[in-house]
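A.B. asks: Please build the complex by placing chain B on the supplied structure of chain A, with the hints as guidance.
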Amino acid sequence: MKEFILKLENLTKEYPGVVALNNVSIEFEKGKIHSLVGENGAGKSTLIKLITGAVDKTSGKIYYKGNEIENNSPINSLNKGIIPVYQELNMIPTLSIVENIFYGNEKTNGLILDKKYMLKKTRELLTEVGLNISPETKIRDMGIGNQQLVEISKALVRNVEVLILDEPTASLTDNEIKNLFHIINKLKTDGVTIIYISHRLDEVLEISDTITVLRDGKVIDSKSPTELDEEMLVNLMVGRDLIRNKKEKEKEIVSQRVLEFKNVNTNKIKDISFILLKGEILGIAGLIGSGRTELAEAIFGVDEILSGEVFIGGKQKKIKSPRDAIEENIAFITEDRKSLGLLLDLSVLENVTYSSLENISKIGVIDKRKEEKLVKNILEKLQVKYSTLGEKVLNLSGGNQQKIVIAKWLLSNASIFIFDEPTRGIDVGAKEEIYNILRSLTEEGKSIIMISSEMQEVINISDRILVMSNGHIVSEYKSSEITSEKIFIDSASLLKEQKNG
Amino acid sequence: MDKIKRSGVFTYGILIFLMVLFLFLSFSSPYFLTVDNLTKVLRQIAVVGIVTVSMTMVILTGGIDLSVGSILGLTSVILAKLMVAGVSVPIAIIITLISGMGLGLFNGFLINKIKISPLISTLGTMTIYSGITYIVTKGVSIFGFPKSFSFIGQGYILGVPVPIIILVIVYIFGFFILNYTRFGRYLYGIGANEKASILSGVDVVKIKYVVYILSGLLASLASVVMLSRINSALPSTGVGLEFDVVTAVVLGGISVNGGEGKLQGVVIGLLIIAILSNGMILLGVDTYFQTVVKGAVLLMAVGIDNISKK
Chain A
76 MKEFILKLEN LTKEYPGVVA LNNVSIEFEK GKIHSLVGEN GAGKSTLIKL ITGAVDKTSG
136 KIYYKGNEIE NNSPINSLNK GIIPVYQELN MIPTLSIVEN IFYGNEKTNG LILDKKYMLK
196 KTRELLTEVG LNISPETKIR DMGIGNQQLV EISKALVRNV EVLILDEPTA SLTDNEIKNL
256 FHIINKLKTD GVTIIYISHR LDEVLEISDT ITVLRDGKVI DSKSPTELDE EMLVNLMVGR
316 DLIRNKKEKE KEIVSQRVLE FKNVNTNKIK DISFILLKGE ILGIAGLIGS GRTELAEAIF
376 GVDEILSGEV FIGGKQKKIK SPRDAIEENI AFITEDRKSL GLLLDLSVLE NVTYSSLENI
436 SKIGVIDKRK EEKLVKNILE KLQVKYSTLG EKVLNLSGGN QQKIVIAKWL LSNASIFIFD
496 EPTRGIDVGA KEEIYNILRS LTEEGKSIIM ISSEMQEVIN ISDRILVMSN GHIVSEYKSS
556 EITSEKIFID SASLLKEQKN G
Chain B
13 MDKIKRSGVF TYGILIFLMV LFLFLSFSSP YFLTVDNLTK VLRQIAVVGI VTVSMTMVIL
73 TGGIDLSVGS ILGLTSVILA KLMVAGVSVP IAIIITLISG MGLGLFNGFL INKIKISPLI
133 STLGTMTIYS GITYIVTKGV SIFGFPKSFS FIGQGYILGV PVPIIILVIV YIFGFFILNY
193 TRFGRYLYGI GANEKASILS GVDVVKIKYV VYILSGLLAS LASVVMLSRI NSALPSTGVG
253 LEFDVVTAVV LGGISVNGGE GKLQGVVIGL LIIAILSNGM ILLGVDTYFQ TVVKGAVLLM
313 AVGIDNISKK
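Each protein sequence line maps, in turn, to chains A and B. All residue numbers for the first sequence refer to the numbering used here, where the first residue is 76 and numbers rise by one. All residue numbers for the second sequence refer to the numbering used here, where the first residue is 13 and numbers rise by one.
Since the hints were made in silico from the structure, they are not lab data. Hints are supplied without guarantee of correctness; some may be wrong.
[Unchecked claim] The calculated lysine to aspartate or glutamate pairs, modelled on EDC-like cross-linking and capped at a C-alpha distance of 20 Å, are:
#1 B:LYS207 to A:GLU379
#2 A:LYS413 to A:GLU369
#3 B:LYS207 to A:GLU369
Quick caveat: nothing in here was measured; it's all calculated off a predicted structure.
Looking at chain A on its own, in the form it has when it is part of the complex (with noise of 0.2 Å):
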């Protein structure tokens, strides 16, 4: 006999003009992992901003162990073990794990902190998730898969029933994703129930008890992973055949150095050389903390090179800040779009030409039918949807934001763009975009760099690949002689010295 933990009822939730979820049922079995798919705008986060009561619902009934839920709120949901970890990471940098895993919800000898008691429990979580730190570290000085990891153990120091994952994987190494995998179907074990929403599909088939698909609101399907492919599921995501991603022949490279490292070291990164050609993406993978990032940061002048040469369009330069490096037309598109990309309180017209101003300008006066004319034109060609261009860019969709910052290093006149994980967070319709931007920038004479933890996408995308392992370049394949566990065996190459030496 199944039993059913949570059970949602035609439930319907309906902002002003939208309606966002529409008669919705969905029946999750206690002890399985149940998958929610659908692109941006799908309704997947209001569902779990229902179930978590985070919002009201408009209409429908909501049931928990066989009663209806009346006035949820967040409080109340956590108190009955449904515990949300979402894609945006809720945690304090400046405090410790064990401060974060306990804030709320400290352990106390009456009016003193048991801290003894709390580092004893988070040492425990941590082992149980996997993660060899000490508890007193500061969550600022980690990575972000690291970080993922501590949020999930926060969920687990409370009475976890339902574990809602939002994206847990989307920056994660295909390492941690494995680790995590583990950890996951661990607590199904123990009874606990799982929501997963995630965009990695190959994840969704592999790990799910059962797919639900949403699309515009409305439940388009539920299935079982065996009845299902990746193919399958797009279809059912996105109600049209996306044109799949075919790898294109080997394309005539004009062997034109556009960048050039020669030995190159930075505090980070050892002993770096490599050649960036006109037309191409270079791919560049490895492990999270393997020096991707802070290879695109010393190629930005942001991190400081310390001894080396660098030579871009063949003449030696020397790039100290993110200035220099504009000034020779490198772009640079941040894994962290909305931290370190955008002004999310600005507007879609002031984002876009935020990097080119000097280009539209006289005198510093901002030519602004000039402006406005030219953002017009290059958000059309991008197909980025937007309603006004003083609409502020936090409310456009990941995708959208993601092709905001790109049409802004259009406007500088970019000829090397580095990407860094261009498509985390990005649903599959979007991403086919993103790729199809990526080809038609090379089409045009651009160059890519592009930093990836999806070794598909590095694989599909890429003319040549580097594969990075802490902080050296230890192997360059042509896309065509690459597979996944080429890339995984020597990602891990240099963790074995590290650990020896």
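C.D. replies: Quick look at chain B alone, frame taken from chain A:
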């Protein structure tokens, strides 16, 4: 053309508040709604008003300049000493404005080079600058300026008091900078996201130097107007000015976190501050109680801002 809306609701709320205040005072004091009184109000706010323009820019970048009152005090003493020593009025004014820029430059140095937060940097220089003022004056006021000097603070052009004309010019200048120039756009951008601005190639350090220098410049311009109006440099000139300035700016809807707000709103904030002071004097409200009301208005402004954002 797409209008870029910023904190529109808040500005309307504050506009209604201004109108209610205006109506209330019109009914409760027969003297309030007279040309004489209203001109006086405007002339009095000129000093505070000039500084609100640069304070708006500073706060937009996410910073603050608490030293404006002290810069005003110190530069008015410099101006007074120069004139008493016989330096011609225009030269004295130019030297005063340059000194103001220098004092602002020092703030910029502390903030950008030494990396002390704007709050602490300018809190420090606020005390230093006002300390210097007392040392220089030995606590005694300076007076005895050329007759021609009083024109700036007391004169009229086509029937309009000169301080008001200066204020309007400064506002037009500020409006132009904020809405039509690269510098203005960067002020918003830096306040919205300083890291992203650096990565977008904006010379954040330069912009932040300029904005504090501008703050010093307008504070010293205000000191010229002030000194000309009261005709003597008191060691206590400018004390507490920063409070009125910051209140007017925040009332006007400029977010204290930076990046948001319009100068048009600050005009309304400024008028509220001015009318409130004037009204309380007309109604014979106790001086100490006036300060309580002003503080409450500041907190109310920030409170409404926070609540309306939810």
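A.B. asks: Could you run down the list of hints and mark each one as holding or not?
C.D. replies: Here is how each hint holds up against the structure:
{"no.": "1", "hint": "B:LYS207 to A:GLU379", "verdict": "17 Å, holds"}
{"no.": "2", "hint": "A:LYS413 to A:GLU369", "verdict": "19 Å, holds"}
{"no.": "3", "hint": "B:LYS207 to A:GLU369", "verdict": "16 Å, holds"}
Every hint from the earlier list agrees with this structure, and none is contradicted.
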